[in-house]
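Could you slot chain B onto chain A? The hints should help.
In case you want the letters, here they are:
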Amino acid sequence: MTKTAETTTRRISSIYLMIILVTFVLSISALFYAVDALRSNQNVSAGYFTLIGSIGLALSVYMLLQTQRKPSRVAFEMPQVITTILCQKCGFKNIRDFQRGDYVFKDAEPCPKCNEKMMIASIYREVKEKEKERLG
Amino acid sequence: MVPQVSQFPGEINWVFQLIFTALFVAFVFYGQRIQTYIMLREVESRLLLLKLMRDEGRKMAIETIKEIGKPKEDPIERVDRFLEYITISPQSMDPAGIVWKLEHVLDVQDVRFKDEVKLVAPEADEAQLNNLENTLEAALALNIIYKVIRHFYLLGKKTLSLYIIMQLQMVLPLIMREAEAFASALKAFATGQPIGDGAGALVAAKLMHGHEKRRIAKDIVVATVPLEGRIAHVLKSEGPGGNVGKPGDGIRRIIEETEGKIATIVMVDAALKLEGEKPGDVAEGVGAAIGGPGIDQFKIEESVLKYKIPVNAVIVKEDIGDAVSPMRKEIFDAADTVIQRIKRLILERTKKGDSIIIAGIGNTIGIGQ
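Heads up: the protein sequence lines correspond to chains A and B, in order.
Per the working numbering, the first sequence runs over residues 1 to 136.
Per the working numbering, the second sequence runs over residues 1001 to 1369.
In short, the hints are calculated from the structure, not lab data.
Please note: incorrect hints may appear among the correct ones.
Here are the simulated DSBU-like pairs of lysine-lysine, each with C-alpha atoms no more than 35 Å apart in a straight line [as the list claims (entries may be wrong)]: (1) B/1329 - A/128; (2) A/117 - B/1343; (3) B/1101 - B/1306; (4) B/1206 - A/113; (5) A/106 - B/1273; (6) A/106 - B/1157; (7) B/1278 - A/93; (8) B/1352 - B/1218; (9) B/1329 - A/89; (10) B/1114 - A/106; (11) B/1278 - B/1329; (12) B/1118 - B/1059; (13) A/128 - B/1278; (14) B/1101 - B/1114; (15) B/1206 - B/1218; (16) A/113 - B/1213; (17) B/1352 - B/1306; (18) B/1101 - A/106; (19) B/1157 - B/1059; (20) B/1114 - B/1158; (21) B/1273 - B/1343; (22) B/1343 - B/1051; (23) B/1352 - B/1206; (24) B/1206 - B/1343; (25) B/1206 - A/93; (26) A/117 - B/1329; (27) A/89 - B/1206.
In isolation and in its complexed conformation, chain A is listed as follows:
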């Protein structure tokens, strides 16, 4: 089981949202003017409006995405750690989650098969590789 301890909270001010909205509306208007200017064969004005509208639109979308960004997570991940208990005599293996007090070479409960004393043979965590590195 993996759990994450805490997340950071982010407050978005209403003024910031208002700026985004105004920029967005003005950018859309500028793009409409650009289309209109193009229809009226005012190519220079159309160019200006397109440029301003595109920049404004990109800016407002970027600002909006920034507010929607997932809250950052603290790396307090508790990975699953496995304890393997092994019977030296018959080779019986018991794999379970790590418990406080476990350590490698600690004597464990008797073997359910041959009743010989078992021993903790390994304690480790398994990591799933996220992606294969091309240059690895």
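Relative to chain A, chain B alone:
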């Protein structure tokens, strides 16, 4: 309905021209300041994460102390005092003898830490005390990282110096990795799980398991093990509590006991891998494979020089995160590969009946013997 552009093209063009000019002028004069604010914002968000890590580390340390140590008084005040602990390194203007001065300071620190932990956790046994000490040290490291980064952040904010903030922003990804490593170490230390740094101790434990052990130096045990017809003095720090011991003293004592009749020394330790290398890869070389402040490495090098004993190193590669977090399967499995390498090495470089030293270096938390 959108008004026709032809109705007021001149005014609009004029307005946009003005905006462009204003923006240009603003960027010429305030571009650096805008960049500074963007960087400050980025540093601030990372600083917030570091603060959360620090707080969580403190909380975890307090909870573990309460759970294991069963203190009679509330340990919060003592833990908070511990988190502000400082160690002043010795003066190095005249470097002669600095190793012994540093060793003394670290010994005093170790005793002080152990005493503090005993006071807050009277019910804890020896292994648990060591684990609690390691937990508190990880929480202390997180506190220091947070406070240093906060210092430079506030300094940058106060002076609005792009160069202070830029340096901080550039180095932060590496510092965050280190902080994340300490954060994952906390859980391992609190519960006593083996960590990646214990790769060397694990190899030694596997070799000495089932043989008689004796304590040879502070927190160091040794066992005499027959290996491929040679007499191997296998040593490691005493587990299963979190402990690195003084392997330098252990090796020196064995060399003195055998009057320098040691054919070779093999040191096994975890070492930081380069990006692109796989965790658990094993590499060989020569020299004293041991980290830390350098005291033990110095002692080992002094001892082997006296008798001209060759020192071989076998390392298990891992990154900083793996070194202090619960041991990965690849690293655990590497212990068997290391044993095979040691066997091959002693077959090639020593004769039958020779005495050798095999030193498993590293924190032995969660590893018995």
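Taking the hints in turn, this is what the structure says about them:
The straight-line distance between the Cα atoms of residue 1329 of chain B and residue 128 of chain A is roughly 11 Å, inside the 35 Å bound, and the hint therefore holds. At roughly 29 Å between alpha-carbon atoms, residue 117 of chain A and residue 1343 of chain B fall within 35 Å of each other, so this suggested pair holds. As the CA atoms of residue 1101 of chain B and residue 1306 of chain B are separated by approximately 22 Å, the hinted pair is consistent with the 35 Å bound. Under the criterion of a C-alpha separation no larger than 35 Å, the hint pairing residue 1206 of chain B with residue 113 of chain A is consistent with the structure, at around 25 Å.
For the proposed pair residue 106 of chain A and residue 1273 of chain B, the alpha carbon gap of about 30 Å is at most 35 Å, so the pair holds. For the hint linking residue 106 of chain A to residue 1157 of chain B, the alpha-carbon distance of about 53 Å lies beyond 35 Å, and the restraint is violated. Between residue 1278 of chain B and residue 93 of chain A the CA atoms are separated by roughly 28 Å; this keeps the pair inside 35 Å, and the hint holds. Under the criterion of a C-alpha separation no larger than 35 Å, the hint pairing residue 1352 of chain B with residue 1218 of chain B is consistent with the structure, at around 31 Å.
Among the hinted pairs, residue 1329 of chain B with residue 89 of chain A is consistent with the structure: their alpha-carbon atoms are about 24 Å apart, no more than 35 Å. For a cut-off of 35 Å, the pair hint linking residue 1114 of chain B to residue 106 of chain A stands: about 25 Å separates their Cα positions. Between residue 1278 of chain B and residue 1329 of chain B the alpha-carbon distance is near 12 Å, which keeps this suggested pair within the 35 Å criterion. Proximity of residue 1118 of chain B to residue 1059 of chain B is assessed by CA-CA distance (about 19 Å); at most 35 Å being required, the pair is judged to hold.
For the suggested pair residue 128 of chain A and residue 1278 of chain B, the alpha carbons sit about 13 Å apart, so the restraint of at most 35 Å is met. For the suggested pair residue 1101 of chain B and residue 1114 of chain B, the alpha carbons sit about 20 Å apart, so the restraint of at most 35 Å is met. Of the supplied pair hints, the one linking residue 1206 of chain B and residue 1218 of chain B holds, its CA atoms being roughly 21 Å apart against a limit of 35 Å. At most 35 Å may separate the alpha-carbon atoms for a hinted pair to count; residue 113 of chain A and residue 1213 of chain B meet this at roughly 31 Å.
In summary, the hint linking residue 1352 of chain B to residue 1306 of chain B is supported, as the alpha carbons are separated by about 24 Å, within the 35 Å threshold. Annotation: proposed proximity of residue 1101 of chain B to residue 106 of chain A is violated, straight-line Cα distance about 38 Å (limit 35 Å). The straight-line distance between the Cα atoms of residue 1157 of chain B and residue 1059 of chain B is roughly 29 Å, inside the 35 Å bound, and the hint therefore holds. Between the alpha carbons of residue 1114 of chain B and residue 1158 of chain B the distance comes to roughly 40 Å, so the proposed pair goes past 35 Å and is violated.
At most 35 Å may separate the alpha-carbon atoms for a hinted pair to count; residue 1273 of chain B and residue 1343 of chain B meet this at roughly 24 Å. Straight-line distance between C-alpha atoms of residue 1343 of chain B and residue 1051 of chain B comes to about 48 Å, which puts the hinted pair past the 35 Å bound. Proposed proximity of residue 1352 of chain B and residue 1206 of chain B is supported: the alpha carbons are some 22 Å apart, at most 35 Å. For the hint pairing residue 1206 of chain B with residue 1343 of chain B, the CA-to-CA distance comes to about 13 Å; that is within 35 Å, so the pair holds.
Of the supplied pair hints, the one linking residue 1206 of chain B and residue 93 of chain A holds, its CA atoms being roughly 18 Å apart against a limit of 35 Å. The straight-line distance between the Cα atoms of residue 117 of chain A and residue 1329 of chain B is roughly 25 Å, inside the 35 Å bound, and the hint therefore holds. Of the pairs offered as hints, the one joining residue 89 of chain A and residue 1206 of chain B holds, with about 17 Å between alpha carbons and a cut-off of 35 Å not exceeded.
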